[in-house]
Amino acid sequence: MSTAGRIPREFIDQLLARVDIIDVVGSRVPLKKAGREYMACCPFHNEKTPSFTVSPTKQFYHCFGCGVHGSAISFLMEYEHLEYPEAIEALARTIGVPVPREGAEDAPKRKRKDPNLYTLLEDAAVWFQSQLKQNPDAIGYLQQRGLSGKISARFGLGYAPANSNLGRELRQYGEDKLVASGMSIRNDAGRVYDRFRERIMFPIRDRRGRVIGFGGRIIGEGTPKYLNSPETDVFHKGAELYGLFEARNDTRKLERLLVVEGYMDVIALAQYGITYAVATLGTATTPEHIRQLLRLVPEVVFCFDGDRAGRDAAWRALENALPELRDDKEIRFLFLPQGEDPDTQVRSIGKEAFEAQVATALTLSGYLLAGLKERFNISTKEGKARLLNDGLKLLSTMPVILFREQILGELSTLTDTPLEVVQRHLKKNSADGIISTYNQARQGDQDVRRTPIRHAIALLLHNPILVEVADSAEQILGYDLPGTGLLAAIIENIEENPHIHLAGLLERFRQTEHEGVVRRLSNWRPETDDEAVIRLEFADCLQQIRRQSRQKQLEILLHRGQTQVLTEQERSDLAYLLLQDYKSPGA
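full-length UniProt numbering puts the first residue of the sequence shown at 1, with every later residue one more than the last.
Everything labelled a hint here was simulated from the structure, so no lab data went into it. You may find that some hints are simply not true.
[As the list claims (entries may be wrong)] Listed below are the simulated PhoX-like cross-link pairs for lysine-lysine, each with C-alpha atoms no more than 20 angstroms apart in a straight line:
(1) 32 to 48
(2) 393 to 381
(3) 373 to 384
(4) 373 to 393
(5) 427 to 384
(6) 373 to 150
(7) 253 to 48
(8) 351 to 373
(9) 253 to 237
(10) 150 to 177
(11) 393 to 427
Small disclaimer: the values here were computed from a predicted structure and weren't measured.
All chains should be modelled from the sequences, with the hints used to inform the complete structure.
Below, the structure written as C-alpha cells:
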C-alpha cells in the first residue's frame with residue numbers, strides 16, 4: 001500500500017458521505033436497533049449492559065462507559081489497529097474506489113531513497129532471531145531463566161552476537177537509515193557500528209505489532225545490564241508499553257492490565273498464563289502510559305518491588321494517575337516481598353496464588369492515604385494539618401468525580417477536620433480555583449468547564465443545520481472571546497459542505513490544533529432530540545456570547561477612560577455599550 005502524498009480533504013468528506021457507519025461497525029460488532037440509534041456492548045472495554053451507541057444520522061459512535069467515540073475512520077483505527085491513512089484505504093476498498101494522494105507521482109523514487117524504518121526494524125528482528133538459534137550459550141541462558149522455546153518465539157526473542165554484523169546484513173538500507181533506526185551508532189570519527197552486541201534481544205512492538213525498537217539484556221557481566229533503543233521517529237519510550245501488543249493479541253476484551261518493571265517479568269508471567277502484563281521501557285510511568293492503560297481496560301494494577309525504589313516508583317505512578325482517573329476505572333498497587341520480582345514470584349508460588357495477590361492489591365485510595373500517614377505524625381494537630389495540606393495538593397489535580405469526593409471524606413475523618421473545611425481548602429489548592437459538585441454528567445463533560453461558546457460548539461457539531469440561525473463567521477470572530485476562532489471555523493466548514501455530519505466535522509479537524517477540544521466537545525450530546533428546543537438553546541448561547549463580548553468591550557473602554565482621553569468614536573461606543581448593559585441587567 002502506498003503511503004506517499006497527502007489524502008485530499010475533499011475525498012475524505014466524500015468517503016464518509018458514501019460509507020454507512022452502521023455497515024462498518026455492524027460487520028464487526030452485533031448491533032441492535034434502539035430508537036433512532038443502534039446499541040451494542042462496547043468492543044473496547046468489558047461490560048455486561050450495552051452502552052455503545054451508533055448514530056446513522058450523525059455517522060458517529062460513542063460509548064457512555066469508556067468514552068470512546070468518533071467516525072467510521074476512528075472506529076477502524078481502534079478496532080483494527082490501523083493508522084489514519086490505512087483506515088481510509090480500508091474504507092475506500094469497501095466501496096471500490098482508489099484513494100487519491102496529492103503529490104504522489106514521485107512516490108516510488110522517494111521510497112527507494114528512504115526505506116521504511118518499520119521494514120528495517122522487522123528485518124533486524126528476524127536476523128536477531130536467526131542468531132539466537134545458532135548460539136547455544138544464548139539458548140542456555142534463556143533456559144536457565146526458565147523460558148520455553150514456545151514463549152521465546154511468541155515474543156520474538158533474538159540474540160545480538162559479540163561480533164555482530166547486523167550493519168552488513170542490512171547494508172541495503174544505508175548507514176544513515178541504520179543510525180536513524182537506532183540499530184547503529186556513528187561515533188565522533190564518523191565510523192558506524194552496531195549498537196547491540198552480546199545481548200538477548202527483546203523486540204518492542206507497537207499496538208499494530210510492528211517492531212519499533214529493541215531492548216537488549218547482556219549475558220554475563222557488563223553494563224548496562226539492559227540497553228534500549230534510543231528515541232527515533234517511530235519509537236518514543238514514554239508512550240510505549242512492552243507486551244501490550246501481545247496482551248491485546250491474546251484477547252480483544254482485556255479486563256485488567258498488570259504493569260511490571262521488566263521484559264523478563266512480562267514474558268515469565270505470560271508463560272504461566274498471565275497474559276495481561278505490560279512493562280514500561282526503562283522510564284517511570286508517564287501520563288501517556290496511564291491514558292493508554294485506562295483507555296483499554298477498566299482496571300490497572302501496578303506491580304512493584306517492595307523496596308524503597310519500588311515505593312518511589314509507585315508514588316510517581318500514583319501522582320501521574322490522579323489527573324486521569326474516572327469513576328468507571330480502577331487503579332491498584334501490588335507490592336512484592338523484598339527481593340522478589342514478578343518473574344521469581346510467579347515461579348515460586350504459581351499462577352493461582354499470584355493472581356490471588358493481584359486480585360487483593362491495595363486500592364489507589366488505600367495507598368494514597370497509607371503513603372500520607374507514613375510521612376506525618378497524625379497523633380499531633382500539626383501532623384494532621386501537614387497531611388491534609390499534602391493530600392489536598394494531590395486531590396486538586398483530580399477531575400471532579402465521585403471518587404474524589406469519597407477521598408475527601410476519608411481525609412476529613414483521618415484528620416478530624418470538618419468536611420466543609422476540607423472542601424474549602426481544596427478550592428484554594430485547585431488550579432482553576434473552582435470546586436464543582438459532582439453531577440451525573442456524561443463521560444467527557446468533566447474534562448472542561450461549560451461556557452456559552454463551548455456549549456454552542458457542541459450543539460453545532462451534533463446539529464450542523466443550526467448554521468442556518470448562527471451569526472456569520474466574521475461576526476463570531478468580531479466578538480473576540482476565547483473559542484470564537486474555533487466556532488467560526490466550524491461555521492465555515494458547514495457552509496462549505498452543507499450536508500456534512502458530526503463524523504465529517506471530526507475528520508475536518510483531525511491533526512489540527514483544535515482536534516483535542518473538538519473531540520471532547522463532541523461528547524456533550526444534547527439532552528433532547530427536539531429540534532425546536534435545540535434551536536432555542538443555541539440561540540440562547542449566541543445571546544450570551546454577544547453579552548460577554550459587549551461586557552468585555554465595556555470594561556476595556558472604562559479602564560481606558562480612567563487613564564486617557566477617549567476619542568469621539570470611543571465615547572460613542574461607550575455610551576452604546578452602557579445603554580445595552582442597562583437594558584440587560586444581570587448579563
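message: Could you work out which of the previously given hints the structure breaks and list their numbers from low to high?
response: 6, 8, 9 and 10
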